[in-house]
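Q: Using the hints, position chains W, H, D and E against chain B.
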Amino acid sequence: MRKIISLILLGIVCVGIIFALYSIPFGKDKIKVGKHYIYNGIKETGAVNIVTSVVLNYRGFDTLGEVTILFIAALGLGVVLYGKKKKRKEGLEPASLVLYTGCRFLFPLILLFGAYIFIHGHLTPGGGFQGGAIIASGFLLSYLGCPRKWISKERFNITESLGGLVFVIMGLIGLTIGGYFLSNFLPKGIANTLFSAGIIPILYCAVGFKVGAELAGIIYNMIE
Amino acid sequence: MKSIEIIVPPVLAFIIGLFFLGLFRRIMARIHWRYGPPLIQPLIDVIKLFHQKSVQHGIMFNIGLIFSLAGSIVVVLFLPFGRICPLSESGGLLVILYIMLIAPLGLALSGGEGANPNISIGISRKFILSLGYEIPLLLILLSIMTHYKTISLMEIVKIQQNTSWALLSFPLFLPALAYLLILPAILGVRPFDVSSAPQEIASGTMVEYGGRYLALATIEHAFSLFIGISLFVNLFLGGSCNIVVFFIKMLVVFTIGVFINAVFPRLRIEQAIKYLWRLPVALAFIGLIIVSIL
Amino acid sequence: MLSPVLLIAIPLGFSFLAPLLKKGAKYIPPIAMLFNLILSILLVPQVMRKPIIVLLGGGWPPPFCINLVASPLGILLALLISLVGFLVSIYAIAYIKEGATEKYHTLYLLLLTGATGIVLTGDIFNLFVFFEILCISSYALVAYNGDKHGLESAVKYLIQGSIGSSFILIGIALLYGLFGTLNMADIANNISYHSLQSPTLYVALAFFITGFGVEGAIFPLNAWLPDAHSSAPSTISAILSGIAIKTGVYAIARVTYTLFSAKGFMIFIATIGIITLLIGEMSALGQKKDIKRMLAYSSIGQIGLIIFAFGIATYYGIFGALFQLVNHALAKSLLFLASGYMIYRVGSKELSAFEGLGKKMPLSSLVFTIGAFSLIGLPPFAGFMSKISIISAGIKANNTALFVFVIIVLFATIIEGCYFFRVVQNLYFKKSRDPAHNCVRDGCPTTQKSEMPISALIPIIILALLIVAIGIYPRLVTGIIESAAIGLMDKVGYIHQILGIF
Amino acid sequence: MNFLSNNIYYIGCFGLIFIGLYIVLTKKNLIKVIIGINFIDTGVNLFLITIGYIRGGTAPIFSRPGLNPERMVDPIPQALVLTTIVIGVSVLALALSLAIRLYHHYGTLNLRKIRELKW
Amino acid sequence: MILITILLIAFGGAFVTYLAGKISGKLRNILAVLVSLALVVLISLIYRREISREYYTLPFLNLKLILMSNPLSWFFAIIIAGIGLLSILYSLEYMKDKERLDYYYFTLLFINASMLGTVISGDLLSFFIFWEIMSWSTYLLISYKGGKAIAAGLKYIIMSIIGSLAMLLVIISLYSRYGTMEISAIASYMQTASIGYTLFILITSSLSFVIINAFWPLHTWLPDAHAEAVSPFSSVLSAVLVRKGIYGLYLFMYVILGLNILNKLHVGFISFSSVLCGIGAVTIVFAAFTALVQEDSKRILAWSTVGQGGYMLLGIVFATASGMTGGMFHVLNHCIYIALLFFVAGAIEHRTGGIRNINELGGLIKRMPVTFIAALVGISGLIGIPLTNGFVSKWLIYKTLILGNHPFLAFAAFVGTWGTVLYGYKFIHNIFLGQLPEKYKHIKEAPLLMQLPMILLTVTVILFGVLPGIPLRVISAIQRQVALPPLQTTLFGIPKEAGELNMINVLFAILISCFIVWLLFRRAAKSVPVQQDDSYAAGSYVPKEKYHYTVNFYNPLSKMITPYLRDVASLFYLNIARGTQRVCNIIRRVYVGEVGYYAMYIVLFLAFLIFIQMFF
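Residue numbers (the numbering used here), protein chains in the order written: chain B, 1 to 224; chain W, 1 to 294; chain H, 1 to 502; chain D, 1 to 119; chain E, 1 to 616.
Calculated from the structure, these hints are not laboratory results. Hints are supplied without guarantee of correctness; some may be wrong.
[Stated by the list, open to error] Restricting the straight-line Cα-Cα distance to at most 35 Å, the calculated cross-link-like pairs of lysine-lysine (DSBU-like) are: (1) K430(H) <-> K27(D); (2) K27(D) <-> K289(H); (3) K289(H) <-> K97(H); (4) K349(H) <-> K32(D).
Computed from a predicted model, the values in this text were never measured in an experiment.
Just chain B, with the same shape it has in the complex (with noise of 0.2 Å):
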C-alpha cells in the first residue's frame, strides 16, 4: 500500500519535472553569469581555475559557509558521540608488519599530496576540499593501520578553528582594506604561477589544514 502510494506520489513528482525540464535543454549553452566568470575571471582574480577563482572569490562567502557545514559536523558529532563508552579495542590485533611499515610509508605522502592539491588549487584542478580529503585518508589509514599512534583531538580541534580563523580574518582584512568582505587585498601576481592571485592559496591552504582536521576528526570521532 505504502509502496503504491508512493509510486503514484513520485509518478506526480517526476511528471512535473519532465515538464520543468523542457525549459532547460541538456547541453546547450546557456550560461550567463558563468561567461562572466570565464572571460573576467583571470583578469580580476588571477587564478587561472576559474572554479576556485569562483569557489574563493567570486562565491567565497559560500564556501566560508561550507567550511562552517563541516565544522558544524565535526562538532555535532562530538555532541552526538558525547558519553559514549570508550571501548578500547584491547584485543585488536596488531597491524601486520607490512600493512604497518606501508601506512607510515605512505602517510606522510598522502599528507604531502593533499597539500600539493589545495596549495595549487587555483592552478590545477583541485583545492582545499580535496586537498583536505585527501589528507583525512591519510589519517583515515594511519588510524586503521598503526592504531597505536594515534594523534590527540586536541591537535586537530585546534587545527580546525585556526584555519576557520585565518578564513574569516582574511575576510576581515579583506573587508578592511579592499572594503568587501574578503576581497582580494594581495597583489594577484602572474597568472598561472603558484605565487598568484592573491589570497585565493592562503584561503586554500587554510581551507585544506580544516577539512582535513575535521574530516580527520570526524574519523576519529566515528571510530572511538
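A: Chains W, H, D and E alone, transformed into the frame defined by chain B:
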C-alpha cells in the same frame, strides 16, 4: 374629607372581612346541616384573643406579623371602594400586585422565626400555592390591563362603568371565569387550604400563634378575603359608585366561592398546582392571546 | 566600518574561536550576540533611510558576486535573532551544565549565524548554504541531551530536513538552468520579464515552498517540529521556535514575494497557513500531557497564522505577519525558557506536575503567564497588537475567503485560549499535589521557593518586559516593521536597488 | 531513442533522486534511509553539474593558453557542487553518528519501532 | 485631563498597591482603600460635565485613542467606583487571613480600573482593549480560590474570549469599512449602512454582550463563576462586571446605531429587539426557577443575577422613555442590592467558616441581626417590594411592557418575580430564621468593616426606593444624550402625566398602618418568649440537632419543575467542548511518529503543489 377617605376603607374592610368570615362559617354549617356560630363570632374571637396571653419567639415573630397586616391595610387603601380610593395616584394595579406580596411574606417571616417544622411546611406550601394561583392571576390581570390600556385600577373601573362589565365583554369573560376558578386559592379556603391544613400540619403557619398573634392573623385573613373579592368586583364587575352595591356584588361573589369550598375536598399541593395550571391558565392564556391580538 | 557583513563574520569568527577557549566558550555566544545586537541597532537608522547592499568577495557588481542586502526586513530579523539569541545565550550559561558544553555553545552561535545569514543574504544559493548551517547545527543541538528522545527526534528531523534541503537545491538548480544566475534580484528580474507561464517556474516554486516549508513548519511538513521542540534542551526549543522556523517563513515569503511575486498563488499560501494554524492549535489542545510538546504545537499554529498573514498579500497583511513574527519569537522563546527551568525543577514535562508552581517559582510563572497571554492575543500584551493587525488586514482585503479565514483565526484563538489558560491555572490555582513528586532533582525542600538562577531569570524578565512594552507602546517596533513590509512588497524597488547599484 | 540519448543525464540524475526518495518513503531501516538520502544528494549534485554542462565542453581552467572560452562549461555549478558535496558529507556523518547512538538506546534501527515520540 | 488621571490612578494604583504589599500588608490595605476612594471622588467631580473628550494617539494603524465622559459613562463609572470601594472595604476584613493578598488586591483594583476604562473610552479600540483586560483579569480573580473555581474560571474565560473575539470582528470590520474607530464618527457613518451589514454588526457584537451579561443560552459561565469567586469579588462581578453587557448593548444599539436604524431592523414579525426580548424573558423565567432549586447561598444569588439581567434587557430594548429608564435604573438597583446580598452571603461564610449550603444554617438572626436586616432589605429589593429601589425600576419596566402591548413578556417578568419571591424567602428563611444550630451558638456579628458596606448599601436601597427621583435624574440625562425622550420625574417618583408613581404616599401609608397595627399589638395582652423547641414538642424530648425544616424547602414544586430545568445549554456546550477535545485528539494523530510517513507527507505536499499548479 381626605382623612375620612383614608380611614373609611380599612375600617370597612375590617368589618366586611370579619363578617365574611362569620358568614363563611355560617354557610358552611348550613350546608353541613348544622347551625353555625353567630355571624359576629369572628369579631368576638378577635377581641377575646387580644386579651389572651401568648408565646412568642423573637423580634421577627412580631414584626413580620405587623408588617403583614400593615401590608394588607395598604392594599385596601389602593383598592377603589365604591368611589373611594385614597391612593389611586400612586402607581395603580402594579403597586397593588407588589404590595399584596407584603402580607404573605410578613406572615412567612414571622412564622419562619417560630422554627416549627409545621410552620415551615405550611409556608412552603403557601408559597407554592401562591405561585400556582399567581400565574393565572397574572395572566388575568395582564389581559385586563392590556385590554384597557391602563395600569390604574381606577381607570379600569371607570371604563367599565362607562361601557359594560368586563365579565360580560367578549374576550374578558375568559379571564373572569379563570379568576372565579382560582378565587378559592386566592382566599386560601378549601380545596386550596393545604397550606393551613389543621389536621395535617396543625394549621401550618398559624401553629405557633396564640393570643394577639392569632388575633392579628385572623384580621389579616379577613383583610385578604376582602381584598380577593373586592379585586374581582373591581376588575370584572365594574366596581361601583355606591358602597352598598359594591357590598352586594362582593357578597354574591363570596357566596359562590363558599359553595365551591363546601363541596370540594382538600387537594394535595401537587394536585392543586396541577389544577391551577391547567384550566384557569388555559382560559386566561386564551383570553390574553385574544386581547393582545385585538 | 559598520558593515552588515560583520553581523555574520564576527559570530563566525567567534565560533571558530570558541573551541580554543574550552571553559570560556559559554561566554562567547552572549558576547557575539551582544555585538550583533548593538551593531544591528546602530544599523537601523541607516537602513531605514536606504537599504545597504553589501558586496562580498571581490566587490564585483551583482549579479556577479554574492551580496548581502541589509534591508529593513533583514535588519529587523537580524535584530530579532540577535536579541533572542543574546537573551537565550545568557540563560544557557547556567542552564547548560552537562554534556559537551563548549560544543553546545559553538553550535548555538553557528545556528544563530546561519539564521542571520539567511535573512541578510541576497543570493539564493548562499541562502541555501546558510540554511544548511542552521539546519545541521539544529540537528546536532536537538540531540544534545543525548537521551533516546532527543536522538530519535534528531534523526527524524534530519531525515525530513535533508529531504527539504534537497528539494530546495533542485529548485535552485531549475532556476539556475533557466536563468543562469543565482542572485535573487536577478532571478526576480528575469521572472518578471518572463510571464509566470513556464512550468519550470511552477515546479521550482513548488520545490522551494516544500523545501523551505519543512523548516518553516507549514502543515504537513512540520512533523519534525513537535518532536524536536519537545525533546531538545529548552534553550534550543526556544531558539528553534523563536528563530529557526521564522527563517523558514522568511524564506517562503522571500521566495514567493520577491522571487516569484506569485500574486495568484497567495490565496493558496493563506489556505496552507490556515490549515497549519488549525492543525497546530487543535493538536496543542489535544496534547494534555507534555507541556513542551504543547508549546511546540502552539508554535505550529502561530506559524500558520504568520503564513496566513503573508498570504493576505497586502501591505497590512505583511505588516501583521512580521509583527506577529516578532511577537511570537519573543513570546514563544519566553515560554520555552520559562518552562525550561520549571521542567528542571519538577523533573517532569507533565503538565500536571506544574500544579501549584506559581508559589514556588513566582517570577517564572508570572512571565510564563505574560507570554501565554501575549500569544493568545490579550491586551495589553504585544500579541494583541499583531493579532489585531492581522485580523484587520484579513478583513480589509475584502475577500470572502479571507473573511472566512479570519473567522477561523478567531476560532483558533479560542482554542489557544483554552490550552494556555489550562496551563496558567495549573500554575496558579491548583495546589501542588504530591510534595515528593515535585522536587526530584536538586533535593530542594518543597515549601521553599526554588526560583531560577539569576542569570536565567534576567533574560526571561527582559523578554516579558519587552512583550509588555511592545503591547503598550507598539511604536517601539512598528516603525521598522512598516518599512520592512513596504520593502517586501516592493519587488521592483528591490531589484532596482541591487541591480542598479552601479 | 533520440529523446533518451538527449536526456540520458537528466534521466540518470532524477532516477537517482527518485530511487532515493522511494527508499526514504518505504524502507524502515534507518541505515537504508540514510543511504536513500545520500542517493538524493548525489542525484541533485549530478543534476547541478548536468545543468552547467555544454556538449563537448572543457573544464574551465586556463591551464594552457589558447583554450577556447566558448567551449568551457559553466564554472558556477561546479563550485556549487563542491559546496553541496560537503553539505552532503556533513549530513551523512551526523546521520550516521545519530544512528550509532540511536542503536545504543533502542537496540534496533527499525524506524517503525523507533516511534516513542508521536502525537 | 481628568479622565486620563482617573485611568492612571486606577491602573497605577493597582500596581502600587501590589508593590506596597511586598513591604507591608497594612500599607497595602490603606493604599487600596485610598485608591478606590480617590476614584470615587474624582468620578463624582466630573458629574454634570458636558460631554468631554480627550485624545491620545496610539501610533499604530494610525488610530486615535479617545477617552470620553458623558452621562452614560458617568453613570456606569460611578457604579463601578462605588462598588469597587465598598468591596475593597469589605475585603479588608473578609480577606484578612487568606493567602496571596497582594495578588488579590492588585487584581481587584486592576479589574475596577479596566472596567472604568471600558466605560470612559470613546473609541472602539480602546473599548475593546479595556474589555479584554477586564476579561482576563477577571479570570485571574475568579479562579483565585482554586478547587472548583478553576473550572469556573476556565468556563468564564473561554466564553468571554468567544464573545470578545466576536466583538473584535465587528470592530475591525467597522474600522476597515470606515477607517475610524471613534464611536461618534462610526455612529454617523452607520446611519447610511445597509440593513444586512447593520444586522451583522448588531448580532455579532451583541454575542459578546449577551455572554458577559449571561443571557439565557449563554449564561452557563455565570453561576459557577459567581459562586466560586470570593464574596467581595462576587459582588463586583455580579453588580458591575456582568452589567457591562448592558452597557455594551446600549452603546451599540442606541449610541452607535440609534433608534432610526433599530426600527428598520425587522423581517416580518421578527425584529432584532423582539429576539432580544425573547431572550430576556426566557432568561428571567429560567433563572428564577433554577435559583429556586439551588441550595448554595451564592449560587442562588448568582442565578438571580442571571435572571435580573433579563429585566434590564426587557427595559432597554424598548426605546420608550419609561422602558429605557427602567432598564437603566434596574442596572443601578440590581447592582446595589446584589452587592449587598453577596456581602451578606460573604459575611455568613466568613463567620461560619465557609458554609455556603443554606440548609446547614438557621436562626442566625439572633447572632447577626445587622446582617439579617441587610439581607431582608436586599431580598426585598430583589423581589421589588415597594419602598425598595427594585420596585421602582420593575414598575417602570412592567408599565412599559403592558402599555406597549407586550403582555407575554410582562407575564414572563411577573412569573420571574414570583420565582424571586420564593427563592428570596428561602434564602432568608433557611439562613436566618428558625432554629439556631448548636455549633453556631457562639458566632458573632460580622466585623464592623464588613458591616459598614452592608449598612451603606441597605440605606441606599431604601433611599432610592423612597426617593427614586435622585437616580432617575441622572438616567434621564443619559436618555437625552442618545436623543431619546427623557422620562419626567419627581423626587418621589413619576408625575401624573407620565404615569403616576408616588413612593412617598406608599411610604406614609405603610408607616401609618404599621403604626396602627403596632398600637393594637401593644395594647393587647403580653406574650412570653419561649424556647423554640418548647412549643413544638410540647415539652417532650426532641432531638436537639435539627428540626428546622430547610432541606428541599419547596419539595413538591421542585419535583414538578426540575425536569424542565435541565440546563440544556450547559450540556450542549459541554458536549461541544468534549467533541472538540476528541477532534483535537484525532487530529493530533497526524503526527504518527514514523518518519517514513513524515517523508511521505513532504512528498505528498510537493506532489500536491505540482499537481495544482500544473492543472490550475
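Q: For each hint, tell me whether it holds in the structure or not.
A: Tested hints:
1. Taking the CA atoms of K430(H) and K27(D), the gap is near 47 Å; set against the 35 Å cutoff, the hint is violated.
2. Of the pairs offered as hints, the one joining K27(D) and K289(H) holds, with about 31 Å between alpha carbons and a cut-off of 35 Å not exceeded.
3. With a CA separation close to 26 Å, the supplied pair K289(H) and K97(H) stays within the 35 Å bound.
4. For the suggested pair K349(H) and K32(D), the alpha carbons sit about 33 Å apart, so the restraint of at most 35 Å is met.
This entry does not satisfy hint 1, going by the numbered hints stated previously; all others are met.
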